[in-house]
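Number of protein chains: 2
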Amino acid sequence: MAGGRGTRFWPRSRKTRAKQVLPVLGGRSLIRQTFDRLRPLVPPERFLVITNIYLRGEIASQLPEIPPDQVIVEPVGRNTAPCIGLGARILLERDPEALMGVFPADHVIAGEAAFRRVIERAARLASAGSLVVLGIRPRWPETGYGYIEFQDDQVRRFREKPNLAAAKRFLRSGRFFWNSGMFVWKASAIWQALRRHLPRTAAILAAPPADLPALYPRCQNISIDYAVLEKARNIAGIRCPEFGWNDVGSWNAVYELLPRDRRGNVARTEALFHHSRRSYVDAPGRLVALVGVDDLIVVDTPDALLVARRDRAQQVGEVVKILEKQRRDDLL
Amino acid sequence: MAGGRGTRFWPRSRKTRAKQVLPVLGGRSLIRQTFDRLRPLVPPERFLVITNIYLRGEIASQLPEIPPDQVIVEPVGRNTAPCIGLGARILLERDPEALMGVFPADHVIAGEAAFRRVIERAARLASAGSLVVLGIRPRWPETGYGYIEFQDDQVRRFREKPNLAAAKRFLRSGRFFWNSGMFVWKASAIWQALRRHLPRTAAILAAPPADLPALYPRCQNISIDYAVLEKARNIAGIRCPEFGWNDVGSWNAVYELLPRDRRGNVARTEALFHHSRRSYVDAPGRLVALVGVDDLIVVDTPDALLVARRDRAQQVGEVVKILEKQRRDDLL
Numbered sequence: 007m008a009g010g011r012g013t014r015f016w017p018r019s020r021k022t023r024a025k026q027v028l029p030v031l032g033g034r035s036l037i038r039q040t041f042d043r044l045r046p047l048v049p050p051e052r053f054l055v056i057t058n059i060y061l062r063g064e065i066a067s068q069l070p071e072i073p074p075d076q077v078i079v080e081p082v083g084r085n086t087a088p089c090i091g092l093g094a095r096i097l098l099e100r101d102p103e104a105l106m107g108v109f110p111a112d113h114v115i116a117g118e119a120a121f122r123r124v125i126e127r128a129a130r131l132a133s134a135g136s137l138v139v140l141g142i143r144p145r146w147p148e149t150g151y152g153y154i155e156f157q158d159d160q161v162r163r164f165r166e167k168p169n170l171a172a173a174k175r176f177l178r179s180g181r182f183f184w185n186s187g188m189f190v191w192k193a194s195a196i197w198q199a200l201r202r203h204l205p206r207t208a209a210i211l212a213a214p215p216a217d218l219p220a221l222y223p224r225c226q227n228i229s230i231d232y233a234v235l236e237k238a239r240n241i242a243g244i245r246c247p248e249f250g251w252n253d254v255g256s257w258n259a260v261y262e263l264l265p266r267d268r269r270g271n272v273a274r275t276e277a278l279f280h281h282s283r284r285s286y287v288d289a290p291g292r293l294v295a296l297v298g299v300d301d302l303i304v305v306d307t308p309d310a311l312l313v314a315r316r317d318r319a320q321q322v323g324e325v326v327k328i329l330e331k332q333r334r335d336d337l338l
Numbered sequence: 007m008a009g010g011r012g013t014r015f016w017p018r019s020r021k022t023r024a025k026q027v028l029p030v031l032g033g034r035s036l037i038r039q040t041f042d043r044l045r046p047l048v049p050p051e052r053f054l055v056i057t058n059i060y061l062r063g064e065i066a067s068q069l070p071e072i073p074p075d076q077v078i079v080e081p082v083g084r085n086t087a088p089c090i091g092l093g094a095r096i097l098l099e100r101d102p103e104a105l106m107g108v109f110p111a112d113h114v115i116a117g118e119a120a121f122r123r124v125i126e127r128a129a130r131l132a133s134a135g136s137l138v139v140l141g142i143r144p145r146w147p148e149t150g151y152g153y154i155e156f157q158d159d160q161v162r163r164f165r166e167k168p169n170l171a172a173a174k175r176f177l178r179s180g181r182f183f184w185n186s187g188m189f190v191w192k193a194s195a196i197w198q199a200l201r202r203h204l205p206r207t208a209a210i211l212a213a214p215p216a217d218l219p220a221l222y223p224r225c226q227n228i229s230i231d232y233a234v235l236e237k238a239r240n241i242a243g244i245r246c247p248e249f250g251w252n253d254v255g256s257w258n259a260v261y262e263l264l265p266r267d268r269r270g271n272v273a274r275t276e277a278l279f280h281h282s283r284r285s286y287v288d289a290p291g292r293l294v295a296l297v298g299v300d301d302l303i304v305v306d307t308p309d310a311l312l313v314a315r316r317d318r319a320q321q322v323g324e325v326v327k328i329l330e331k332q333r334r335d336d337l338l
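Line order of the protein sequences matches chains A and B.
FYI, in this note's numbering the residues of the first sequence are 7 to 338.
FYI, in this note's numbering the residues of the second sequence are 7 to 338.
The shape of chain A in the complex, shown without the other chains:
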């Protein structure tokens, strides 16, 4: 799944070079890292990338191993349920027994070997008919994720994004895991579940491919979690061992993932920190001097500069919404 906008990574992330195709952490782009991480498990000709019209070319050129017609364009973004349904339908046409793994293109995972062992285990469960959800042991009381509540080895129920008090309770209890958005199942199993729980969207996805561009916008705009997982009976959850998962959700996550100097600063480009601490600088081509400021994100591009408080990094996406209203396509 590579259709996101990554608006919280504005101004670096734009429509045609969104977060997943950027080397957000240096080196390889996030989608290239995702491909390389899965490549030992699956040959390139079995990858399917679902993205949007703006990113198709860039993704195809970053992943030349994948057959170009397997970089699929969603006519519009409609959250994860239609996207996953589209993928399942395409796989089913090839192989009614296909096993399907679903992975967001913009996560990082430090411990790749441990990750792949989990996927192999998930594949075994999925072969037996389960819809397998990967849970990540929470490291802080995050309010931006859904949670999976376990009872012993079994998924008890899904919980929507909690408020802070609930998130703290979840963290203490030890029974709640972050919903990573990574899934493994038979394509036929998720397709059946979609037909049952989201029939209108499933019917659209079953239409002849030539009709999809016109019909797809009518798909329900809903996540696979709400649409299917909260309702299905054949759910299996895996409480993943610690393998350094991070969904790189904001500039602050990038700051947290990178090595810092002794005053807590991260300089991706030349910077002079004067009485300044715990700040992040990324401004190619110019020296940045910070004077007397703490906990700032500074990201510069040729036409836009962001200065944000680290603990407000989530609100950067709101800037993009404002620019959309102002029809500033040049900055989107």
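No wet-lab data here; the hints were simulated from the structure.
Please note that a few of the clues may not be correct.
Which copy? The list can't say, so a pair holds if one copy fits it or any two copies do.
Unchecked claim - With a straight-line cut-off of 25 Å between C-alpha atoms, the simulated SDA-like cross-links for lysine to any residue are:
{"id": "1", "residue 1": "Lys21", "residue 2": "Gly10"}
{"id": "2", "residue 1": "Lys327", "residue 2": "Arg178"}
{"id": "3", "residue 1": "Lys167", "residue 2": "Gly180"}
{"id": "4", "residue 1": "Lys21", "residue 2": "Pro290"}
{"id": "5", "residue 1": "Lys174", "residue 2": "Glu155"}
{"id": "6", "residue 1": "Lys21", "residue 2": "Gly291"}
{"id": "7", "residue 1": "Lys331", "residue 2": "Val272"}
{"id": "8", "residue 1": "Lys174", "residue 2": "Ser67"}
{"id": "9", "residue 1": "Lys327", "residue 2": "Ala209"}
Starting from the structure of chain A, add chain B where the hints point.
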């Protein structure tokens, strides 16, 4: 006097385009404003500008009315006493009775008519032999200026830059005025005072002009206040009426001098303030988005970007010192 570096206005201010030649407040440069303010009192051919080698060309082109050989280059900067002595010597060669006004090139004064009336009054006092100092009624307990203590109409004594407690006491008492750095006197009177109180420097300044470049660096590095005014007997002070004087000492002073929106923000260039207040943005050619930050100064140039807390704007000069140590001539 136009020899300053204006290091607190880095990165906009550089060696070859220092604060005084920049349109810091929009429109005319500070030195052009200073010239225009004094022009109704003095014909252009009686202006003398003392500056440094880096700024000479720019100043001459901004003030084409002044004869080019009256834009004088100090071989090195040695604070105000040698600079004023050099000016006095040059004027005395032309006219032993010359009346001399001394004005920093980088101040702003909103009420020009009131200002000129004060200068005319100062000129009368100076003609009678006094060294006239212009005092500004303090508007806050500034610790960056020297003060003049008055007793009724008379200057009682000069006070060096006070600490905050003393500055608050000065403000309350009503007897203390900021030393504006603007003076009026006979060239012969200040020259005599320099010969008496700073004889070594006066002797250097009396040397043949051809020898000055070699000798000038040996002048004492001292302000006219410490060198002469604190010691001389024939001081007269003027407690200026409010005419909107500001020495534009830092980016924060620029912020304070400009109109602000209802959240206290100043955008010199295109800016988007999102949950951000009381901040200053000057970044030609790019949109600046501030997210969740208050009281920031953001100044961008093609090769350097400054992000400073407003109440630390004085420390911007320290960045320049660090860059000098690092021999970053490209950024100075």
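Hints, verified against the model:
For the identical chains of this complex, Lys21 and Gly10 are intra-copy neighbours only, at 9 Å inside a copy versus 47 Å across copies, given an alpha-carbon limit of 25 Å. Proximity of Lys327 to Arg178 under the C-alpha cut-off of 25 Å is found in neither arrangement, the shortest distances being 35 Å within a copy and 50 Å between copies. Only within a single protomer do Lys167 and Gly180 lie at most 25 Å apart by alpha-carbon distance; the minimum there is 17 Å, versus 61 Å between protomers. Taking the shortest alpha-carbon separations for Lys21 and Pro290, both the intra-copy value of 20 Å and the inter-copy value of 24 Å come in at or below 25 Å.
When the C-alpha separation of Lys174 and Glu155 is checked against a cutoff of 25 Å, the pair qualifies only within one copy, where the shortest distance is 14 Å, while the shortest distance between copies is 62 Å. Taking the shortest Cα distances, Lys21 and Gly291 sit within 25 Å of each other both inside one copy (23 Å) and across copies (21 Å). Taking identical chains as interchangeable, the C-alpha atoms of Lys331 and Val272 lie at most 25 Å apart only when they sit on different chains, with a minimum of 22 Å there against 33 Å within one chain. With identical chains, the CA atoms of Lys174 and Ser67 are never at most 25 Å apart, being 43 Å at best within one copy and 67 Å at best between copies.
Proximity of Lys327 and Ala209 under a CA criterion of 25 Å is satisfied in neither setting, with 32 Å inside one chain copy and 69 Å between copies.
Checked against the numbered hints given earlier, this structure breaks hints 2, 8 and 9; the rest are met.
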